[in-house]
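Colleague: Below, each chain spelled out in residue letters.
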Amino acid sequence: MAVSQADDRTPDDRNERAQLAFARLLPKLFRGGQAFAGVEATLSGLDADTAARVPDGLPHSVLNLLSHINWWNRWMLDIIEMGQAQPYPAHAADTWPAVTAADWGRVRNEFYELLARVDAHASRPDLANPVNHEETIGELLADFALHTAHHFGQIVTVRQLLGSWPPPAGGDTW
Amino acid sequence: MVSEGQVAEVFGKAVGNLFRGGPANVSWERALERLEASDAGRVPGLLPHSAAQIVAHVQFWQAYLLEGIAGNDPATPEHAAGGWPATGGGKGEGWEGGDWEDLKTSFLRDTGRLRGHARDPEVVQTLDREGRPYAVALTNFAGHNLYHLGQVVTVRQALGLWPPPGGGDTW
Chain A
1431 MAVSQADDRT PDDRNERAQL AFARLLPKLF RGGQAFAGVE ATLSGLDADT AARVPDGLPH
1491 SVLNLLSHIN WWNRWMLDII EMGQAQPYPA HAADTWPAVT AADWGRVRNE FYELLARVDA
1551 HASRPDLANP VNHEETIGEL LADFALHTAH HFGQIVTVRQ LLGSWPPPAG GDTW
Chain B
59 MVSEGQVAEV FGKAVGNLFR GGPANVSWER ALERLEASDA GRVPGLLPHS AAQIVAHVQF
119 WQAYLLEGIA GNDPATPEHA AGGWPATGGG KGEGWEGGDW EDLKTSFLRD TGRLRGHARD
179 PEVVQTLDRE GRPYAVALTN FAGHNLYHLG QVVTVRQALG LWPPPGGGDT W
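So the sequence lines, in the order shown, correspond to chains A and B.
Going by the working numbering, the first residue of the first sequence is number 1431, and it counts up by one from there.
Going by the working numbering, the first residue of the second sequence is number 59, and it counts up by one from there.
Just so you know, these hints were derived from the structure itself, not from any lab.
Predicted, not measured: the structure shown is a model, and the values here were computed from it.
One thing to keep in mind: the hints can contain errors.
Sample of chain A residues with no beta-carbon within 12 Å of chain B, all distances over it, derived [as the list claims (entries may be wrong)]:
hint, residue
1, Glu1470
2, Gly1475
3, Asp1477
4, Ala1482
5, Asn1539
6, Asp1549
7, Ala1550
8, Glu1564
Quick list of in silico lysine-lysine cross-link-like pairs, DSBU-like style, CA-CA up to 35 Å [said to hold, decoys possible]:
hint, chain 1, residue 1, chain 2, residue 2
9, B, Lys71, A, Lys1458
10, B, Lys162, A, Lys1458
11, B, Lys71, B, Lys162
Note that beta-carbon positions come from the ideal geometry of N, C-alpha and C, so glycine has one too.
With the rest of the complex left out, here is chain B (with noise of 0.2 Å):
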């Protein structure tokens, strides 16, 4: 049996360091850079979503699970689409009003938090409210984060606004 420490350590670098987009793919903060507002909002051809809507997606259930953590009790939503936030913009339109600044700042701030969370051993053998160690949501949730950043990628693709000028992950 290996050590409490040595499972810490190896969870949280295994899961925390992915939560920023982990070594095997492009970084959220590269995958957002120079996105403005006008764009963000665009939902290209017959794609569901705009990349501000993907990342109001994510960060719904980032500031969900951060909630569980804090050891309140988040409400559910009902269905799939209780998940997806109303925001700006729509096909053809551009982000409307000044909050995709601020999305993207609380929401790589909590993408933060929840790196700290999972290389924070006391956080990952605690107990969420259905009995299971942090560590299950903390593994699932960097995985729909992951998910989505590809999405954010080609919608980012679609738009013919990749890559970013600070390049994609390529070499």
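Extracted from the complex, chain A is given alone in its bound form (with noise of 0.2 Å):
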């Protein structure tokens, strides 16, 4: 393994900073923005209509990637915040809210609420703890900021073939 730079610091301070790294990086990867696009730049300029709409040949619009979001970083604030763990949807459809475009308000503030609740965690000194039974708080914030990015992936797609991408403000190009 190579070392970039010349590295005189003790193993001590080196463990240190890989962990505050870490844990600040944790409200970052819920929000994108370095790696991808931002979450709020992928919700934007976005009518209910649009949100609501479900491209041809896909079975999902934004407004149902989004809530099902919620859906899941809900149950994970829920395993952390009562310190136990939670029983598993029986069906994965659980997981996927009936929504209309009227929801789509309440969806997307809901979505920045939930996200507000993860930021209190992400700085907790026993990210090291387990959690949801052998999962540890940090697995499973690491777990659901990917489930995150993974469907805010496919939501740019369901825009694109909407022809409502990049959003006012441009996607994530340069």
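With the hints as a guide, dock the two chains, each given alone in a separate frame, to form the complex.
Modeller: Okay, here's the thing in structure tokens:
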């Protein structure tokens, strides 16, 4: 393993710095904007009717995807905040709430409210503690940050298929 | 303060596993299952990219990160387009040439390498050329991978090629 820079810090310093870097990254991971388009840009310039439209051949609208993201982020936060595992849904379909265009504003607001709850946990010192059976708090946060990213990639694709991309402020290109 | 071993374990599990697709998503292996060259190069409807182009893009950045971790100094593209290698295929066309299987093989190999690096405390704590622990880049790249993994699924859905024979991520 090559070391890119001279590094005379002690192992404890290095360890602490890596841990802090990870903790600081978690909230950013939920928001994108680093290695892929940020969540606010991705949801911007989208009216309720477009958000609720399902492109031909696809199973979900932007609204479906966002309410699904919310479902799992809420499930994750309940586990972390209650400090114990919660039951898994019986079927994947249970995690795709029935929504209509009238729900768009509410679902979008809930997404940001859930992110604010995530922020409170990213810097906690017990990220190494198991909380969901063997899964630690840190693992759970990382898993669902990237579950969010996975479906935000799909939100961009759905918008492209609807001819509604890039948003007014531009996509993630340079 | 938790011990170094604990940090490495948490980070390694949390981020390392995500390079395969992660427990909350379908795996890359499943997402690419039975996607033949003739379909991998097809660009559906209004979309800008085929599944093969997306995989080639993710592989470009995987190779970039691996170069950096190896202590080399890879050139950063001047524009985003520089991270989208020219590939065969296009609107209504299949993948041209026989390198789709090669691309998949090198892609999955490098995914495994990055997973290994994320689980190696020495690599995670090493500073990159911007002075940040590689934990940062590894985490960001894991996010980039999962973001585009979602798009490969959507492209396959738009082509009527989802779920794969082994099933999607449903129960």
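Colleague: With reference to the structure, classify each hint as holding or not holding.
Modeller: A quick look at each hint next to the structure:
Listed as a non-interface residue, A/Glu1470 keeps its Cβ farther than 12 Å from every Cβ of chain B; the least gap is roughly 15 Å. No beta-carbon of chain B is positioned within 12 Å of the beta-carbon of A/Gly1475; the least distance is around 17 Å. Under the 12 Å C-beta cut-off, the non-interface status given to A/Asp1477 relative to chain B holds; the minimum distance is some 18 Å. In this structure A/Ala1482 is separated from chain B by more than 12 Å, as the shortest Cβ-Cβ distance comes to about 17 Å.
For A/Asn1539, the non-interface assignment is confirmed: its Cβ lies about 23 Å from the closest Cβ of chain B, beyond the 12 Å cut-off. No Cβ of chain B approaches the Cβ of A/Asp1549 within 12 Å, the least distance being about 16 Å, so the stated non-interface status holds. Distance to chain B confirms A/Ala1550 as a non-interface residue, since its nearest Cβ pair spans about 18 Å, more than 12 Å. With a minimum CB-CB distance of about 9 Å to chain B, A/Glu1564 fails to clear the 12 Å threshold, and the non-interface call is violated.
The suggested pairing of B/Lys71 with A/Lys1458 holds, with an alpha-carbon distance near 19 Å, which does not exceed 35 Å. Distance hint between B/Lys162 and A/Lys1458 is fulfilled; the C-alpha atoms sit about 30 Å from each other, no more than 35 Å. Distance check on the hinted pair: B/Lys71 and B/Lys162 sit about 24 Å apart at the alpha-carbon level, within 35 Å; holds.
Checked against the numbered hints listed earlier, the structure breaks hint 8 alone; every other hint is satisfied.
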